[in-house]
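Asker: From first to last, the protein sequence lines stand for chains A and B.
Take the first sequence: its position 68, counted from the start at 1, is 68 in the working numbering, and no numbers get skipped.
Quick note: to get the working numbering, add 1000 to the position in the second sequence (first position is 1).
Think of the hints as simulated: they come from the structure by calculation, not from any bench.
We treat Cβ as the ideally placed atom computed from N, Cα and C, and that holds for glycine.
Treat the hints loosely; a few may be bogus.
Said to hold, decoys possible - Not close to chain B: a few residues of chain A, all C-beta gaps over 10 Å, as computed:
1. S12
2. T52
3. S53
4. N54
5. N109
To be verified - Derived contacts from chain A toward chain B, CB cut-off under 10 Å, selection only:
6. S25
7. Y36
8. P44
9. V85
10. T99
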Amino acid sequence: DAKTTQPNSMESNEEEPVHLPCNHSTISGTDYIHWYRQLPSQGPEYVIHGLTSNVNNRMASLAIAEDRKSSTLILHRATLRDAAVYYCIRSGGSNYKLTFGKGTLLTVNP
Amino acid sequence: DGGITQSPKYLFRKEGQNVTLSCEQNLNHDAMYWYRQDPGQGLRLIYYSQIVNDFQKGDIAEGYSVSREKKESFPLTVTSAQKNPTAFYLCASSIQGWSGELFFGEGSRLTVL
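Using the sequences provided together with the hints, build the complete structure.
Answerer: Right, dumping it as C-alpha cells:
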C-alpha cells in the first residue's frame, strides 16, 4: 500500500512545463513527500523531497498543498530525457520504510 | 567514487536453486533496502535494514533471506521457496531512512529457467 495516488500516465511536449500530481490524503504531520524517477532497466533516481514548504532544485520544483494532502512535481521545461516513470512516495515514522507505487509514466513528445 | 554496486547484473538459474545477489555500498549509509520490480509494475519492498545485524521484513519477504553483517553489505538470497523469482531486483541505501534520499544500484535481473 503506497498510500499515494498518481495518474497512470501523462504526456507532454518538449520544452513545455509538466505538472505531475500526487494525492496523499492520509498523510501525517511528520511524513515527507519524495519524488523519484526511473528510466527503463535502471534503478530509480532521486528527484526531490519536501515536508511542508515548496522546494526547488536543479531538476524540478515540488509544490505542496497547504493541507499537505496533495503535491505537484513541476518540470519547468521538459526534455526527451525526462521521459520516465515518476514515483511519489510518502515516508515517516521510525521504521525507515519507503514504499513505491506504480507511478506515472511520462511521455515527452518532440 | 562513492556509490552502490549490485552484482551480477544478469543471472540465470534453474528452478529450485538458491541464488544470492550482492549489494555493496561505500557511502557510509546506515540503511539498506531490497526491492523487487516486475514488468510494468512499481517497486515492492522485500527487506530493509536500519543498522548492522538488524533487518526487517518488507511487504513480500516470503521466499527471500538477507543478512547484514557489515555496514557496507546487504546480500539477498532468493531461495527455492520463492514461487516466482524471475524479476528485476534493486538494492538501495540511505543515510537517513525516513527523511533522506535513497541511492539505488543499477539492479540485477534474475531469470529462472
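Asker: All hints, please: hold or fail.
Answerer: Comparing the hints with the structure gives:
With a minimum CB-CB distance of about 21 Å to chain B, S12(A) clears the 10 Å threshold, and the non-interface call stands. A cut-off of 10 Å between C-beta atoms confirms that T52(A) is not in contact with chain B; the least separation is 13 Å. Against the 10 Å criterion, S53(A) stays outside the reach of chain B, whose nearest CB is about 14 Å from its own CB. For N54(A), the requirement that its beta carbon stay farther than 10 Å from each beta carbon of chain B is met, with the minimum near 17 Å.
At roughly 21 Å, the least C-beta separation between N109(A) and chain B is larger than 10 Å, which holds for a residue marked as non-interface. For S25(A), the interface hint is violated, since its Cβ never comes within 10 Å of a Cβ in chain B; the closest pair sits about 19 Å apart. Because the smallest distance between the Cβ of Y36(A) and any Cβ of chain B comes to about 7 Å, under 10 Å, the interface hint for this residue holds. Among the interface hints, the one on P44(A) holds; its C-beta lies about 5 Å from the nearest C-beta in chain B, closer than the 10 Å criterion.
Interface restraint check for V85(A): the shortest CB-CB distance to chain B comes to about 8 Å, inside 10 Å, so the restraint holds. Annotation: T99(A) was flagged as interfacial toward chain B, and the flag holds, the nearest CB pair being 6 Å apart, inside 10 Å.
Checked against the numbered hints given earlier, the structure breaks only hint 6 and satisfies all the rest.
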